[in-house]
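Q: Listed below are the residues making up each chain.
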Amino acid sequence: MSMILLARYAECIFWFARYVERAENLARILDVQETFSRDNRGQQNWLSVIQINADEERFKEAYGEEISAETVIRFYLTDMKNPSSIQSSIRAARENARTLRPLISTEMWSQLNIFYNRLRELTEADATPHRLPQLCVWIKEACQAHTGITEGTFYRDQGWYFYQLGRLIERADQTTRIVDIKYHHLLPSVADVGSPVDVAQWNALLRSAAGYHAYRRKHPSGMKAETVAGFLLLDDFFPRSVRSCVQEADRLLLEMRTRFNLRGGGAALETLDELRAVLGGKSIRDIVRAGLHEFNDMIQMQLGGVTNDLAHDFFGGALQDLAGAA
Amino acid sequence: MSALAGYDPGHLWCELLGGQTGRSRGPISNRLDAFSLEELRRRAEAAERELYNLGITFTVYSDKDAIDRILPFDLIPRVLTAAEWQHLERGVIQRVTALNAFIHDIYHDRRIIADGVIPADLVLGNSNYRPEMVGVDIPHNTYVHVCGIDLVRDEAGRFLVLEDNARTPSGVSYVIENRHMMQRAFPELLKGIGVRPVDSYGPKLLAAMLDIAPKHIADPRVVLLSPGVFNSAYFEHIFLAREMGVPLVEGRDLVVIDDRVFMKTTAGLAPVHSIYRRIDDSFLDPRAFNPASMLGVPGLFQAYKKGNVVLANAVGTGAADDKAVYAYMPRIIRYYLDQEAILPNVETHICREPEGLAYTLANLEHLVVKPVGESGGYGIVIGPKASRQELDDLRVKLKADPANFISQPVVGLSVSPTLTEEGVRPRHVDLRPFAITGKETWVLPGGLTRVALKKGSLVVNSSQGGGSKDTWVLEA
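Order-wise, the sequence lines are chains X and U. Counting from 1, one number per residue, gives the positions in the first sequence under this note's numbering. Counting from 1, one number per residue, gives the positions in the second sequence under this note's numbering.
Simulated from the structure, these hints should not be mistaken for lab results. Think of the CB as a built atom: it goes at the ideal place given N, C-alpha and C, for glycine as much as any other residue. Where hints are given, some of them may not hold.
[What the hints assert, rightly or not] Here are some of the chain U residues that sit facing chain X, going by a computed Cβ distance under 7 Å: (1) 34; (2) 37; (3) 40; (4) 44; (5) 53; (6) 54; (7) 242; (8) 247; (9) 248; (10) 264; (11) 265; (12) 266; (13) 270; (14) 271; (15) 440.
[Claimed, not checked] Ranges between beta-carbon positions, derived for each pair: (16) U:403 - X:145: 36 to 44 Å; (17) X:210 - U:34: 51 to 59 Å; (18) U:83 - X:153: 14 to 22 Å.
The shape of chain U in the complex, shown without the other chains (with noise of 0.2 Å):
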């Protein structure tokens, strides 16, 4: 039996053969078709089992032991043509300059506050706003350094920007690891095709890191701060680490003297100049910060706020990826930047202004209620999926705490054909691209493509059973 026979993506847009009315084969999708799925199965089993003992896994820990599982790897590409990516790029790099000069403002004029364009109290009483960097400057303006922004699909096959990630995205580890796989897996697919290549992304952030360390540090020394082994992300700052060619260290490798960072070394102290942070603002300094935190390093806020050492993304950031502010981004692009949002979100109602409450409450079960302050896909209902008891409580908890939520229609995601137990079916797919920033945006072609194994599910975190799909943007 052929790969694609009883593929059917219905009235669904799909990233591989496009929108329901013109659908249409290409030469990857043929190619894909000429093989059994017996053979497709058996290339999964070995990539799979590869991913595992290469380790390229998320770790997960009970009282016993340390537990490491894949990401599963589902093998089919997601495709993205050059002009799809040409637009995606654009729309980004149009995201994260707003989301720099907000981010700036708020902590120096609040002109956009004064302004009238986004209420003082979720800007300054979001519990991610940090009143100690109001006043300190950063190089470049540039407190974003690294953003992944969740992008979705509509049936119409438009882009929305479904998230702003801008304090510690992951996943771009599995977004060359996958690649790596794909070569190895299925060759053929690959040859002669003309796929975008994604092993820039160490360099680029090195290069960044440098340029945005010290100007009077002749020669500056970049780290990588992790929590440590039982992160579960771990396994992705050692694949940064290592691109970059940088030591991986944790808090207790650290230690500030005189305003000034230095690590611990076999030959003593070696000064630290750039930090490509992997550790949450509230855990990065117990002096500045969370005081019980056991991960950070005590005076590094000091430091930092001194010039003398250079933290990526800049602390403060998550002031800006709040779902709350997510909101008013197209406003926010409109303020600074004099230009209407390339990528635009999804519908979005504000709950915390009466007319997105009383919709939403109107709506229920037809809308996507998300709390403001959680990641990783916690805490999000799905109406239509909803039983009456949890759309009843769902309900309480809006009326009590408006402000906590957002809604959103449910947005007929786009598919990818994707190996399953049932054959090669259709399943939700979203998008995080990365933009690394120093002086200027780069964004890496393509990005991570995280798939909904479950038939129907419409999460795609890695916590809830989410996959990932090498993505393509082709050359031309």
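In isolation and in its complexed conformation, chain X is listed as follows (with noise of 0.2 Å):
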């Protein structure tokens, strides 16, 4: 009788996750792209990190159009006007939490307030290039300490499952978004291709991912676009690939249905059976011959659908129609 969860809390520990798991995911983007991604003239295109947000317009909104280091690292840092900055996702994991301080650890919430403490204290000047890396490290840590405080501490009931159906949700849908982009502005020039510059480029886009030591295990030679994103969509292994963050998430809504005698999230289940065929059964050439993009879109929208589902069959989205007819 104690292991039922409020419908408000389920949705609040699903995006608790994913905001937490966002953040990470931006402070990698924004790391890497400050210490690697340097084309051949050594100019960086600090153009794709708005593209992977596919938040070209709210930038040029705020910023017009002057796409340099200093204004892309203060929208995505300190702007708490950009919904998708760090600083607003932290504040919307902490609101978040801040609902659901009757389930999780006082340690959760406790490193979290910290957290966003001294994140809102950050100001533009210290959104610069100069000090962008530091600060780059420190939010991942910050992130990876809540992982970690979360994972030592967090009550193993439906809360448990919820956020880490957020968190590999949220995951999935941001290597999607890496790859699409990166992808696209990486596909070498003639002149490149096996040049010093290329290899670099892909070198990047792994580590953001943190996923180049793992890449060099499974292709100790050789860096191709190909092999890359086929890697970080495919790879069985790699903790941040599509591929491992759907079949997680398929096992543990499995899982969780059955522990916890739930009815809904078939229709969730049915996708994230459907994704994890599909990513189990393509190689990354049909991929590519079919068209990355679109590929990349599709998974998009499939795990839009899944958060859909889940929010109907356990966010209250089926009891709404119940309690309008009450």
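From these two lone chains plus the hints, build me the complex, please.
A: Rendered as structure tokens:
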């Protein structure tokens, strides 16, 4: 009887996890962008960061046409008006955590609280290319500390499952975005193929997903656009690959339904099963041939569908209809 | 410099050292004095930082952001002896018993009005009187399940009742968190002293909520109903839900179907039987009360009247904790219990009575005048501190609507040594013990000691710059 979970809490936990994961991914992208992503003229392509997050219009509204390291960093680090900035994400995570405090451990709350308060003290002066690497390391570590504290203290009831589902779905979504944008930007011009610059860019892409060393273990030599994209999308063992995330989400949802005797989640499970089959059955060559962008799009749509199904079945969507009838 | 150097409570009662005549040091004050001021400051800072990081805060919302503030914590404890506590406990139980008898009466036979002990309009015309409750029977005739009675202490060390909080008194989370903080920040002071624990509040509250749950339910489910994160006491709601191990719900999580209450869970609707609510009566159910309420649950009151769900505190208790009714409490206790009040009121002049008004107008500059409908210290005028203009304004208000006011003499409130910028100095304190009543009444040993941090200030409310202290009840 004590194992019940309020629908509203399930939704909060799901998004709580997503926001922290989102902030971590953004910190990774910014960090790598600053450190590694220079093209052969030493120029950094900051536009791609905006494209990953589909923020072109919002950015233009706030900062105009000028896309520089300074403006992009400010936009994604300290701009509270930008809902996808790191500060906004962590604030949203904390507001969810505030609602969830009866459920989460004190340590989870306390760490996030300290993290947010420090983040809030950052000013525009901190949001410079020069300070960025250090800040990104700190943000990544704070997000990882959060994940670690959660792993070590969060009670393994339904809440835990919704937390994991949120994290995995967000991570999978982020990985498709990185692959999608970067792949097109990094498609080499004929002259660049195999040049040191080309290799450095692929390095950077892998590093932004913390996948460089893992990639090297699987592909000790060579660095090709296709194999990198394939690794990030389809690898069976890499924790940030889309396939790993989908497999894990699929497994957890099934387990949760069984353990807690939940009727909902059938549609989401079906979608995850399908995705899992697709990701396990296709080669990167097939995917690229049929269109990588279309593939990423399809995955993002399906993940959005899973989120909607979870919302309907677990977060009160179905109950709303019921309450309306009462 | 030792901690207590320069500490002088003057003519006031000191909670650590006693009255002006016969002050004495004991093991606690000696131990305290052995600390240097610097050491105290260091620990106080660490404690406040920890409270902030742990989120033991109340939240103030501005347009842009949620600002978390801690209730300032003073690490020098307020100490009550075993004998003092025994007296207080008896007094609180007596008062809660009388309040429950009174509320039951005003929603049933109204004997007390018929017998002329209290004017009918004071009760029936009270904005917090709920005619919807007339004739409704509730388990054990308990209305005030959680009561927080505000007490002060005069120069002679007598405890006096300042206010009965019979609706949704808050602050108990600080009592327990302050103790935890004390144990971390100042373990040497506590060691071996024998202080009564405060940890059982959650289990006692849960037991009371089960005590009053509908009898026909084998395994009743308890929830805590909160207005949500925007409420300044949200931390306390979290705290109590956790201590009781029950879901913290908001109105939107509940639904009433066929006069039964359910909560929306991931597995569908789950029945709810016993609700500790921290929402005022008027917001509880838009169908029964304020129709504009977005916080409540449509149909909840009907389910309550049918006995399918219980609410604590009961609906309609506000009619008893009004400052106007407060003035009659000694007579109410006498009427129902045939006893004198163990804890007397502060001498109170009822301005609706001609003598009371005349006395108040004649002595305005010596009196504290309180509007009867307000809470949280708002609207209070302290005569000796008021300007001529303020007194003139007050005089006009008093004459225009005398029934809206009571007045009391300025009590030389007791003080407790408190860490301030200048060192350890006397600051005024009050005490809010918390009583839980299901079948019977239980009082949490101690209670919330609030301290007015500003020099000379008599206002201890958290909304007006007060802080709090750990309250120790000695075992022997």
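Q: Which constraints among the numbered hints does this structure fail? Numbers only, ascending.
A: 1, 2, 3, 4, 14, 15, 16, 18
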